[in-house]
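**Student:** Chains as they are written, first to last, in UniProt numbering: chain A, 1 to 307; chain B, 1 to 116.
Fair warning: there could be bad hints in the mix.
As the list claims (entries may be wrong) - Distance condition first, Cα-Cα at most 30 angstroms in a straight line; then the derived BS3-like pairs of lysine-lysine:
1. Lys40(A) <-> Lys63(A)
2. Lys131(A) <-> Lys59(A)
3. Lys131(A) <-> Lys63(A)
4. Lys59(A) <-> Lys84(B)
5. Lys40(A) <-> Lys59(A)
6. Lys131(A) <-> Lys31(A)
7. Lys84(B) <-> Lys44(A)
8. Lys59(A) <-> Lys31(A)
9. Lys63(A) <-> Lys27(B)
10. Lys34(B) <-> Lys131(A)
11. Lys131(A) <-> Lys27(B)
12. Lys27(B) <-> Lys59(A)
13. Lys63(A) <-> Lys34(B)
What the hints assert, rightly or not - Chain A side only, calculated, beta carbon under 8 angstroms to chain B, not exhaustive:
14. Gly7
15. Asp56
16. Met67
17. Met73
18. Lys97
19. Val104
20. Lys131
21. Ile145
22. Phe153
23. Phe156
24. Val289
25. Cys292
In short, the hints are calculated from the structure, not lab data.
Quick reminder that beta carbons are idealized off the backbone N, C-alpha and C, glycines included.
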Amino acid sequence: MAVDWLGVVIGIVPFVGVLLAVGFYTLLERKILAIIMIRKGPSKVSYMGILQPFSDAGKLLCKEFIMPTRANMGPFILAPALMLTVSLLGWLLYPYKSAEVFYVFGVILFMVITSVSVYGVMMSGWASNSKYSLLGAVRAMAQSISYEIPMGFIFFCVVLVSGVFMFQEISTYQQGSFFFFIPLSVILIVWILCMLAETNRAPFDFVEGESELVSGYNVEYSGGGFAVMFIAEYSSILLSSVMSAAMFFGGNEALIGFFMMVFAVFFVIVRASLPRLRYDKLMSLCWTVLLCVMLMVSVCVVTMISV
Amino acid sequence: MVMVMSVVFVCIVSLLFTGLFLLLSEKRGLDREKCSPYECGFEPIGSARSPFSIRFFLVAVLFVVFDVEVVLLMPFAYMFLYGKSLMGILSSSGFLFILFVGLYHEYREGSLEWVG
């Protein structure tokens with residue numbers, strides 16, 4: 001049987017790229033946070049701290065991985081691997097221009113992947129057999145699944161306007177004519193809120209509300225397990241910024257790349273500048289505000305595309 | 001082929017990371033205090049698998065309902081690719097209206113309020 005080496009390369013290279021990107025994104029985040037707090041940030045490792053992510057990864061992999069005696073060993077070790085697998089699989093949906101990989105129902109695959117990513121959180125929180133991690137996991141799960149519903153409506157609207165479920169087509173639809181950002185600016189705002197909540201980022205990071213939950217579902221993780229979870233989290237952040245760029249500022253590769261970077265930096269700046277909300281406010285924001293807004297907007301979009 | 005490769009590669013990478021840190025990590029003697037679950041320096045009190053708040057369960061139930069509705073909405077979007085009929089528009093708007101009424105009912109029942 002002949003091995004399709006081109007296919008092998010195409011299947012592997014993007015994920016290596018993603019892992020590198022995640023490393024450098026953590027460096028970018030630390031640098032930007034440092035600039036905002038008027039300090040230097042990592043600057044010692046090689047030139048201006050460029051190799052910092054690699055030394056961090058090496059250090060975390062070599063650190064002790066403590067296993068709580070009462071933890072369930074199998075799920076406890078496998079949960080980070082599951083999280084990383086799921087969040088990397090999302091990158092299959094990257095809107096490549098030269099389509100060797102494309103998914104006709106990419107939007108639905110994205111929804112599936114965001115839903116499945118909850119299981120990793122659940123596994124890690126439950127398996128560590130600690131009160132804090134269980135509470136953190138339950139909170140993170142409730143938050144993620146709540147914000148999946150407005151997200152589903154957002155996808156519904158975007159698909160209605162563009163007329164396809166494929167991310168490539170959604171972005172090429174915007175070529176030449178207009179960004180979806182212009183007619184769908186309300187949806188973009190809701191989408192950004194959803195993405196911040198889905199990835200458990202800054203104003204909505206109740207998973208790691210330090211004062212109440214110590215560190216959420218990953219309290220018991222140390223060393224390598226924590227590193228793997230961290231990579232999973234940051235790769236999903238990068239993926240969501242790619243998706244935002246493709247859905248609302250699509251057109252060509254360069255534009256998607258540029259706006260992806262804008263969104264990635266935006267995530268960091270939001271983290272640096274906004275205080276944490278309260279959990280009940282987050283939930284009521286989702287169920288009473290965002291869901292209502294999205295229902296209204298869906299009706300508007302349905303009527304708009306039909307006239 | 002590409003997709004199979006990607007999925008296999010992703011699985012291998014995450015298992016490799018896991019194997020790597022289990023292999024490379026520093027091994028010290030196990031300490032009773034170190035291996036007990038974190039509870040602010042106290043001895044862990046009671047079981048960690050305690051029953052949790054019913055609110056979260058309620059959110060999960062609501063999620064199931066609304067997510068099924070999102071799933072049922074998606075075919076409407078697919079339908080509009082093949083021509084826009086008045087019937088399609090009316091039925092999708094009606095579906096959204098029913099969803100809205102359902103949401104309003106939940107709101108009035110008070111199941112969307114976190115504290116209360």
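**Student:** Hints first: check each against the structure and report whether it holds.
**Tutor:** Going through the hints against the structure:
1. Lys40(A) <-> Lys63(A): holds, 26 angstroms
2. Lys131(A) <-> Lys59(A): holds, 28 angstroms
3. Lys131(A) <-> Lys63(A): Between Lys131(A) and Lys63(A) the Cα gap is close to 24 angstroms, so the pair holds against 30 angstroms.
4. Lys59(A) <-> Lys84(B): Distance ~58 angstroms between Lys59(A) and Lys84(B) Cα, so the pair is violated.
5. Lys40(A) <-> Lys59(A): holds, 21 angstroms
6. Lys131(A) <-> Lys31(A): violated, 34 angstroms
7. Lys84(B) <-> Lys44(A): Violated, because 61 angstroms separates the two Cα atoms, which is more than 30 angstroms.
8. Lys59(A) <-> Lys31(A): At roughly 19 angstroms apart (the allowed maximum being 30 angstroms), Lys31(A) and Lys59(A) satisfy the hint.
9. Lys63(A) <-> Lys27(B): holds, 9 angstroms
10. Lys34(B) <-> Lys131(A): Since the Cα atoms of Lys34(B) and Lys131(A) sit roughly 16 angstroms apart, the hinted pair holds (cutoff 30 angstroms).
11. Lys131(A) <-> Lys27(B): Answer holds: Lys131(A) to Lys27(B) is near 26 angstroms, not above 30 angstroms.
12. Lys27(B) <-> Lys59(A): Since the Cα atoms of Lys27(B) and Lys59(A) sit roughly 14 angstroms apart, the hinted pair holds (cutoff 30 angstroms).
13. Lys63(A) <-> Lys34(B): holds, 14 angstroms
14. Gly7: Constraint on Gly7(A) satisfied, holds at 4 angstroms.
15. Asp56: Cβ of Asp56(A) sits 13 angstroms from chain B, so the hint is violated.
16. Met67: Cβ of Met67(A) sits 7 angstroms from chain B, so the hint holds.
17. Met73: violated, 11 angstroms
18. Lys97: violated, 15 angstroms
19. Val104: violated, 11 angstroms
20. Lys131: holds, 5 angstroms
21. Ile145: Where the cut-off is 8 angstroms and the nearest Cβ of chain B is about 4 angstroms from Ile145(A), the hint holds.
22. Phe153: holds, 7 angstroms
23. Phe156: With a minimum Cβ separation of about 5 angstroms from chain B (threshold 8 angstroms), the hint on Phe156(A) holds.
24. Val289: violated, 11 angstroms
25. Cys292: holds, 7 angstroms
In summary, the structure is inconsistent with hints 4, 6, 7, 15, 17, 18, 19, 24 from the numbered list given earlier, while agreeing with the others.
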